[in-house]
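Protein chains in written order, with the working numbering: chain S, 1 to 99; chain F, 1 to 101; chain W, 1 to 337; chain U, 1 to 480.
No lab work stands behind these hints, which were simulated from the structure alone.
Given the structure is predicted, the values throughout are model-derived calculations rather than measurements.
Even glycine gets a Cβ: it sits at the ideal position worked out from N, Cα and C.
Check before you lean on any hint, since a few could be wrong.
What the hints assert, rightly or not - In silico EDC-like cross-links for lysine to aspartate or glutamate, where the CA-CA straight-line distance does not exceed 16 angstroms:
| hint | chain 1 | residue 1 | chain 2 | residue 2 |
| --- | --- | --- | --- | --- |
| 1 | F | Lys26 | W | Asp31 |
| 2 | W | Lys321 | U | Asp469 |
| 3 | F | Lys26 | W | Glu30 |
| 4 | F | Lys24 | F | Glu88 |
| 5 | U | Lys31 | U | Glu104 |
| 6 | W | Lys34 | F | Glu94 |
| 7 | F | Lys24 | W | Glu30 |
| 8 | S | Lys98 | S | Asp31 |
| 9 | U | Lys421 | U | Asp357 |
| 10 | W | Lys34 | W | Glu82 |
| 11 | F | Lys24 | W | Glu82 |
| 12 | S | Lys95 | S | Asp31 |
| 13 | F | Lys26 | F | Glu94 |
Said to hold, decoys possible - Here are some of the chain W residues that sit facing chain F, going by a computed Cβ distance under 7 angstroms:
| hint | residue |
| --- | --- |
| 14 | Asp12 |
| 15 | Thr14 |
| 16 | Trp24 |
| 17 | Phe39 |
| 18 | Leu44 |
| 19 | Met46 |
| 20 | Leu53 |
| 21 | Asp54 |
| 22 | Asp57 |
| 23 | Ile58 |
| 24 | Ile65 |
| 25 | Val129 |
| 26 | Ile137 |
| 27 | Gly138 |
| 28 | Val143 |
| 29 | Ala178 |
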Amino acid sequence: MSLTDILTILLLSAGALFFFAGTVGLLRFPDVYTRLHALTKADNLGLGLLLAGLALQAESWTVVARLLLIWLLMLLASSSVAHLVVRTAHRRGIKLWKR
Amino acid sequence: MNIAFFYALTGIGLFTLGLYALIKHKHLLRKILAINVMGSGVLLVLVALAARTQNTPDPVPHAMVITGIVVAISATALALALMLRLCETSGRAELPDEPME
Amino acid sequence: MEALTLLSWGFDVTLGGTLMWLAWRTLASEDLFKGIVLFIAFGLLMALAWVRLDAPDIALAEAAIGAGLTGALLLAALAKLESGSKESQPLQESTITKAMVNKSDKQILFRLLLVILLSVFVAGLVYVVLSLPLQTIGLSETVAENLDASGVSNPVTAVLLNFRAYDTLLELAVLLLALLGIWSLRSPSERNESASGKVLDMLTRLLVPLLILVSGYLLWVGGHAPGGAFQAGSVLAAAGVLLLLTGWRPGVRFAGLALRFALVMGLAVFVIVAVVMVLLGGRLLEFPLSFAGNFILLIEAAATLSIGITLAALFFGTRPKPAQSSASREESGAQER
Amino acid sequence: MLMQNIPWLVMMIVLPLVGAMFCFLFPQRVKLLGLITALVIVVSVTALASQVVEQGALRYAVGGWGAPLGINLYVDGLSLLMLLVTALVGLAISVYSIAYFNQEKSQHFWPLWMLLWTALNALFLSADLFNLYVTLELLGLSAVALVALAGGANALGAAMRYLFVSLLGSLFYLLALALLYHSFATVDIAILAQRIEATPAVWAAMALMTAGLLLKTALFPLHFWLPPAHANAPAPVSALLSALVVKASFYILLRLWLEVFPLPNAALVQFLGLLGSGAVLWGGVQALRQTRLKMLIAYSTVAQLGYLFIAFPLATSMAWKGALYLLISHALAKSSMFLAAGNLQLFGGHDRITHLDRVAQRLPLTLAAFALAGVSIMGLPPSGGFVGKWLLLDAALRTGQWWWAVILILGSLLAAAYIFKVIGHAFTQAEVPHEEGEVSRMMEWVAFVLALAAIVLGLIASWPLALMDIGTPFNSGVAQ
Chain S
1 MSLTDILTIL LLSAGALFFF AGTVGLLRFP DVYTRLHALT KADNLGLGLL LAGLALQAES
61 WTVVARLLLI WLLMLLASSS VAHLVVRTAH RRGIKLWKR
Chain F
1 MNIAFFYALT GIGLFTLGLY ALIKHKHLLR KILAINVMGS GVLLVLVALA ARTQNTPDPV
61 PHAMVITGIV VAISATALAL ALMLRLCETS GRAELPDEPM E
Chain W
1 MEALTLLSWG FDVTLGGTLM WLAWRTLASE DLFKGIVLFI AFGLLMALAW VRLDAPDIAL
61 AEAAIGAGLT GALLLAALAK LESGSKESQP LQESTITKAM VNKSDKQILF RLLLVILLSV
121 FVAGLVYVVL SLPLQTIGLS ETVAENLDAS GVSNPVTAVL LNFRAYDTLL ELAVLLLALL
181 GIWSLRSPSE RNESASGKVL DMLTRLLVPL LILVSGYLLW VGGHAPGGAF QAGSVLAAAG
241 VLLLLTGWRP GVRFAGLALR FALVMGLAVF VIVAVVMVLL GGRLLEFPLS FAGNFILLIE
301 AAATLSIGIT LAALFFGTRP KPAQSSASRE ESGAQER
Chain U
1 MLMQNIPWLV MMIVLPLVGA MFCFLFPQRV KLLGLITALV IVVSVTALAS QVVEQGALRY
61 AVGGWGAPLG INLYVDGLSL LMLLVTALVG LAISVYSIAY FNQEKSQHFW PLWMLLWTAL
121 NALFLSADLF NLYVTLELLG LSAVALVALA GGANALGAAM RYLFVSLLGS LFYLLALALL
181 YHSFATVDIA ILAQRIEATP AVWAAMALMT AGLLLKTALF PLHFWLPPAH ANAPAPVSAL
241 LSALVVKASF YILLRLWLEV FPLPNAALVQ FLGLLGSGAV LWGGVQALRQ TRLKMLIAYS
301 TVAQLGYLFI AFPLATSMAW KGALYLLISH ALAKSSMFLA AGNLQLFGGH DRITHLDRVA
361 QRLPLTLAAF ALAGVSIMGL PPSGGFVGKW LLLDAALRTG QWWWAVILIL GSLLAAAYIF
421 KVIGHAFTQA EVPHEEGEVS RMMEWVAFVL ALAAIVLGLI ASWPLALMDI GTPFNSGVAQ
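Required output: the full structure, derived from the provided sequences and hints.
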């Protein structure tokens with residue numbers, strides 16, 4: 001179990017933890033706005049850690065470049081999709097949750 | 001009972017689930033979903049059993065399944081367009097009640 | 001490594017179980033929108049199952065076509081369904097099922113009978129599948145032997161575009177047929193998209209060039225690694241769908257014959273190459289050994305373009321409105337019955 | 001000489017496909033292109049027929065790879081006759097459709113019709129189970145799109161139900177194909193026939209495939225989708241469906257039961273015969289009760305399909321030839337009937353049988369066509385239907401299963417009843433209150449020529465029967 005393997009396991013489990021946090025946020029939060037907030041934050045970071053862990057195992061630099069491209073695409077897509085969902089929700093008049 | 005048979009049984013399960021839903025539901029969109037689930041089930045059976053070969057899995061079922069997926073989306077697209085047209089003319093998203101047998 | 005097989009078994013059981021559970025939730029959910037969203041998730045998990053079964057080509061196709069495009073088609077259809085029913089009469093699908101809550105016992109009996117019948121059906125199938133031999137060689141060896149004569153090194157592409165190319169030819173006809181059927185249902189009408197915000201425009205402006213690049217990459221890589229015409233075509237279709245969502249419409253010149261020609265090109269190139277082989281004395285779809293790779297790439301390139309445009313047109317739903325000038329010429333030609 | 005070395009097998013598939021693409025590309029000249037393609041296909045069928053008669057059954061490896069890996073095309077007497085009847089009926093329907101559809105509908109009809117013709121030709125030529133699946137899908141989707149062309153609410157409802165039935169049948173077929181492929185590592189019919197043995201997988205595959213194909217052939221308990229689909233479709237499309245599309249899945253079932261599943265199973269075969277006789281009786285009774293002409297003809301199709309399944313329990317080569325003969329003459333007669341019904345509906349604006357007498361006097365040629373076609377459907381002596389029924393009767397009596405003969409005769413009586421119910425209106429005088437829709441002479445002549453062909457088929461019985469023996473498809477069958 002070389003150093004990189006240990007690092008990979010650490011990164012992957014951290015990533016998994018963030019995904020778990022995102023899912024808990026999705027289930028626990030009261031309205032669409034806070035849920036989206038939780039999801040985009042936690043999942044993007046989780047994915048970043050996951051891909052970092054995988055990048056350590058990659059044989060060549062092109063694979064690392066592709067993993068980075070996946071992460072950038074994911075960031076771009078999830079943030080703009082979150083914006084679109086929130087815009088539609090707002091248009092449909094879903095109120096912000098107040099205590 | 002290796003991985004091939006396990007996914008083949010999942011495929012059969014999906015097929016039957018879809019068949020039950022196809023018969024039970026009256027709404028056309030649900031029937032179309034049911035047909036898609038059944039299609040995925042059959043394709044899963046086809047590829048799962050291909051994983052029984054030793055090293056590389058048998059590529060012929062893989063090519064068949066890709067053809068199956070494209071045929072499935074063509075059928076789904078036509079079904080959806082037909083359903084929308086039927087809704088416009090008959091106002092209901094269900095099949096007209098059974099004609100006199 | 002006992003732990004590894006245990007772990008992989010754990011993964012398989014959860015994946016299989018989640019697939020069944022998702023399928024059941026998709027089909028039994030009371031709200032249609034939830035059903036469709038669950039169906040898209042089901043499609044993505046199916047892609048995972050394909051990867052687990054060593055079928056990366058199918059995983060690509062499933063994710064792009066099975067989950068992505070089918071999901072887009074379903075959501076678009078649901079939106080039109082609800083907007084349609086709101087104007088005529090508020091057909092609330094769920095209220096109808098609630099109204100039938102006191103289902104007559106005939107219906108319960110019918111459902112019970114159906115469940116019993118289906119469980120016998122499943123039991124029979126399970127017994128039959130388990131009776132199949134544990135190990136087989138299938139056709140993988142024959143494919144491996146003829147692989148170098150096929151002009152490509154990816155066995156699935158070899159089967160799809162050389163050994164069983166005739167199936168793929170007919171399948172392109174099925175795709176074209178679906179579009180013809182949809183266009184015959186409705187006269188060309190202007191589909192007005194809701195005003196897309198700046199964010200969607202920006203996203204599209206960034207993603208579409210990248211999608212076209214990825215589509216070209218998938219087309220090229222199909223020769224020696226998972227990829228190929230259908231996967232590349234569906235990525236191109238995703239770019240088309242994104243463009244259509246932002247309200248982009250094909251230019252006036254492009255809406256008539258040029259669009260029809262682009263749609264038919266994949267099938268046309270396939271048939272032309274096949275017939276040329278027959279004229280040169282070979283058999284239908286028999287590629288000469290030295291040029292097999294180039295011919296396959298040529299066919300795949302044309303097929304990718306046609307598949308991409310056809311799938312995007314399937315999403316669009318009706319024929320694009322031909323410009324007034326050409327429309328009046330076409331209409332004048334029509335003698336009303 | 002030139003005619004011989006062109007592989008007409010290939011032209012049969014490529015020509016309609018190219019025709020479909022041209023019809024789609026140039027909608028202004030779609031009628032001309034469609035007619036040219038139809039004529040060229042008929043020419044290539046006759047060339048193929050001469051080639052097959054000369055060289056016997058042909059096997060053609062697409063792509064040059066050969067059976068287990070590649071796909072084989074195979075043509076013998078059985079598929080040649082199906083191709084010939086498809087070409088004949090197809091040409092008649094093409095000529096009829098030129099006058100029937102306006103320019104706007106034609107732009108949609110012709111490409112769909114050409115793709116359906118491609119599917120039919122490819123299906124009758126294919127010797128590969130998965131290839132048959134793709135042709136079945138192409139056939140089903142194009143038939144559904146053509147039914148929906150009529151545009152009314154009940155046409156769309158019928159098309160929707162037809163689509164679900166077609167997809168369900170194809171899924172059963174595909175599941176059975178998966179079981180067969182994973183038992184014998186091939187989907188080629190000829191190789192499968194050598195490797196087949198009675199494992200549970202084969203029994204399940206046989207049951208699933210038969211169920212799927214019976215659903216698509218609309219045999220008696222599974223016939224619910226056929227009458228609305230065939231009655232509400234435009235006239236040339238209903239002629240097409242009843243004459244050719246429904247027969248294609250029967251052809252596959254016949255091919256499978258003759259070559260792939262020749263396991264001796266008296267129970268299943270008797271069951272099919274039972275369903276067939278149920279179809280004959282139920283279809284006949286329902287046809288009698290119909291008030292709309294096209295529904296009557298559609299139920300007549302359900303009944304006539306029943307006859308074809310009565311050949312299964314008889315299972316001698318004479319019985320199979322009788323069923324095939326019945327199939328061909330039904331294709332000609334039924335398409336002529338639907339075209340005649342289309343003329344009557346176009347002229348009178350409705351197809352209620354009770355008010356038919358106003359229309360019948362104005363269209364003598366159409367009613368003559370209907371009557372001639374009725375002669376073949378009833379199976380009266382000079383017609384092809386008579387030859388088919390005679391062969392079935394002879395086989396039934398020869399194998400001592402006399403009860404099938406009783407069913408055949410009862411069916412003929414029922415057929416006579418519902419045909420005369422319609423023709424009777426030709427003799428009652430009635431004035432013509434409504435303004436007539438104009439029906440072109442060409443449409444009437446097409447219906448008449450088709451009906452005449454069904455009659456002539458009975459007179460030249462020896463030639464098709466000889467043709468059926470090429471490649472001996474029948475005696476390798478389930479002959480006890």
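Practice item. Let me know if the C-beta of W:Leu44 comes in closer than 7 angstroms to any C-beta of chain F, holds or violated. Key: 12 angstroms, violated
Review point. Does the structure keep F:Lys26 and W:Asp31 at a Cα separation of 16 angstroms or less?
Key: Distance ~14 angstroms between F:Lys26 and W:Asp31 Cα, so the pair holds.
**Study point:** Closest C-beta approach of W:Ile58 to chain F relative to 7 angstroms, hint status
**Key:** Hint holds; W:Ile58 Cβ to chain F Cβ min 5 angstroms, cut 7 angstroms.
**Study point:** Holds or violated: W:Lys321 to U:Asp469, with C-alpha atoms at most 16 angstroms apart
**Key:** 54 angstroms, violated
Review point. Are the Cα positions of F:Lys24 and W:Glu30 separated by 16 angstroms at most?
Key: Given pair F:Lys24, W:Glu30 holds - Cα atoms ~13 angstroms apart, limit 16 angstroms.
Check your understanding: Hey, does the W:Ile137 contact hint survive, CB to chain F under 7 angstroms?
Key -> 6 angstroms, holds
Review point. Does the CB of W:Ala178 sit less than 7 angstroms away from some CB of chain F?
Key: 4 angstroms, holds
Check your understanding: For the hint on W:Leu53, does the least C-beta distance to chain F fall short of 7 angstroms?
Key -> With a minimum Cβ separation of about 5 angstroms from chain F (threshold 7 angstroms), the hint on W:Leu53 holds.
Practice item. Compare the distance between the alpha carbons of S:Lys95 and S:Asp31 with 16 angstroms, and conclude whether the hinted pair is satisfied. Key: 9 angstroms, holds
Exercise for review: Identify whether the interface hint at W:Val143 stands, where standing means a beta carbon of chain F within less than 7 angstroms of its own.
Suggested key: Hint holds; W:Val143 Cβ to chain F Cβ min 5 angstroms, cut 7 angstroms.
Review point. Taking 7 angstroms as the limit, does the beta-carbon of W:Val129 come near enough to a beta-carbon in chain F?
Key: Holds - the Cβ of W:Val129 comes within 7 angstroms of chain F, reaching about 5 angstroms at its closest.
Point to revise | Straight-line alpha-carbon gap F:Lys26 to W:Glu30, limit 16 angstroms | key: 13 angstroms, holds
The structure is inconsistent with the numbered hints 2, 4, 6, 11, 15, 18, although it conforms to all the rest.
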